[in-house]
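Top line first, the protein sequences correspond to chains V and P.
Okay, so the first sequence: first residue is 1 according to our numbering, each after it adds one.
Okay, so the second sequence: first residue is 1 according to our numbering, each after it adds one.
Bear in mind the hints are in silico, worked out from the structure with no lab data behind them.
The structure displayed is predicted, hence computed values, not measured ones.
Certain hints may be false.
Unchecked claim - Simulated DEER-style distance windows between Cβ atoms:
| hint | chain 1 | residue 1 | chain 2 | residue 2 | range |
| --- | --- | --- | --- | --- | --- |
| 1 | V | Gly51 | P | Gly102 | 24 to 34 Å |
| 2 | V | Gly114 | P | Leu63 | 15 to 25 Å |
| 3 | V | Gly102 | P | His100 | 30 to 40 Å |
| 4 | V | Arg75 | P | Ala115 | 40 to 50 Å |
| 5 | P | Ser70 | V | His72 | 37 to 47 Å |
| 6 | P | Gly50 | V | Ala95 | 18 to 28 Å |
| 7 | P | Gly50 | V | Gly71 | 36 to 46 Å |
Claimed, not checked - Calculated Cβ distances over 12 Å to all of chain P for the following chain V residues:
| hint | residue |
| --- | --- |
| 8 | Asp10 |
| 9 | His72 |
| 10 | Ala95 |
Backbone N, C-alpha and C fix where the C-beta goes; we use that ideal spot for every residue, glycine too.
There are 2 protein chains.
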Amino acid sequence: MSDPRETGTDLSPKFDANGLLTAVVTDADSGEVLMVAHMNADALALTLQGGEAVFWSRSRARLWKKGETSGHVLRVVEARIDCDQDAVWLRCTPAGPSCHTGRTSCFYRRIEDGALTFTA
Amino acid sequence: MSDPRETGTDLSPKFDANGLLTAVVTDADSGEVLMVAHMNADALALTLQGGEAVFWSRSRARLWKKGETSGHVLRVVEARIDCDQDAVWLRCTPAGPSCHTGRTSCFYRRIEDGALTFTA
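This is chain V alone, in the form it adopts within the complex:
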């Protein structure tokens, strides 16, 4: 029952079959969920070393520093990992909108009665 991955202090990420973790980004001030993305081992290492979020783009199959073209980087205030170490939570200070649509958060629509409603 006592799994050191859950009870210990070693960083031992459990990457999935594609070598990825799930990363959830929230705004460190507002608490709003800004985006969900994925990280491979290199993306995680670069994020922890540099203090700005780097992901693995599944669609482009390459490392992707958030804000590399837009300048809208995500400065990491705190990084947490979950019980089984297959998901990371980054509390960040965003330099601009997190969504490629220009919105603060990618989660700009509410699900209501089987359809979507814009929140802002």
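With chain V fixed as given, assemble chain P onto it according to the hints.
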């Protein structure tokens, strides 16, 4: 450039190769990220219909209503979906600890200097 999945009001989830979405659960009051899990189409439908979170357990390969044994259900206050509709954010009122370790959140360790520190 105008993808109706991103700009429209139709709920059109983009399930991955395994038929899953990523689901992020936050506490509707505190904003804390409680857990990250996955949903197939049935789990999403049951969650939206019943108002309590249902996930797909990858390890057990079955639907898993959070709290089905512990009673620690997650009542959904608001459900949102992201720009490309492959991730869901559930703002919930938890009936008890969300982590199977008994902790409020699965994210009970901070990553610091390459190791983990317990936050509570």
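Results of checking the hints against the structure:
no.: 1; hint: V:Gly51 / P:Gly102: 24 to 34 Å; verdict: holds, 32 Å
no.: 2; hint: V:Gly114 / P:Leu63: 15 to 25 Å; verdict: holds, 20 Å
no.: 3; hint: V:Gly102 / P:His100: 30 to 40 Å; verdict: holds, 39 Å
no.: 4; hint: V:Arg75 / P:Ala115: 40 to 50 Å; verdict: violated, 21 Å
no.: 5; hint: P:Ser70 / V:His72: 37 to 47 Å; verdict: holds, 40 Å
no.: 6; hint: P:Gly50 / V:Ala95: 18 to 28 Å; verdict: violated, 39 Å
no.: 7; hint: P:Gly50 / V:Gly71: 36 to 46 Å; verdict: holds, 43 Å
no.: 8; hint: Asp10; verdict: violated, 7 Å
no.: 9; hint: His72; verdict: holds, 14 Å
no.: 10; hint: Ala95; verdict: holds, 19 Å
When the structure is compared with the earlier hints, violations turn up for hints 4, 6 and 8 and for no others.
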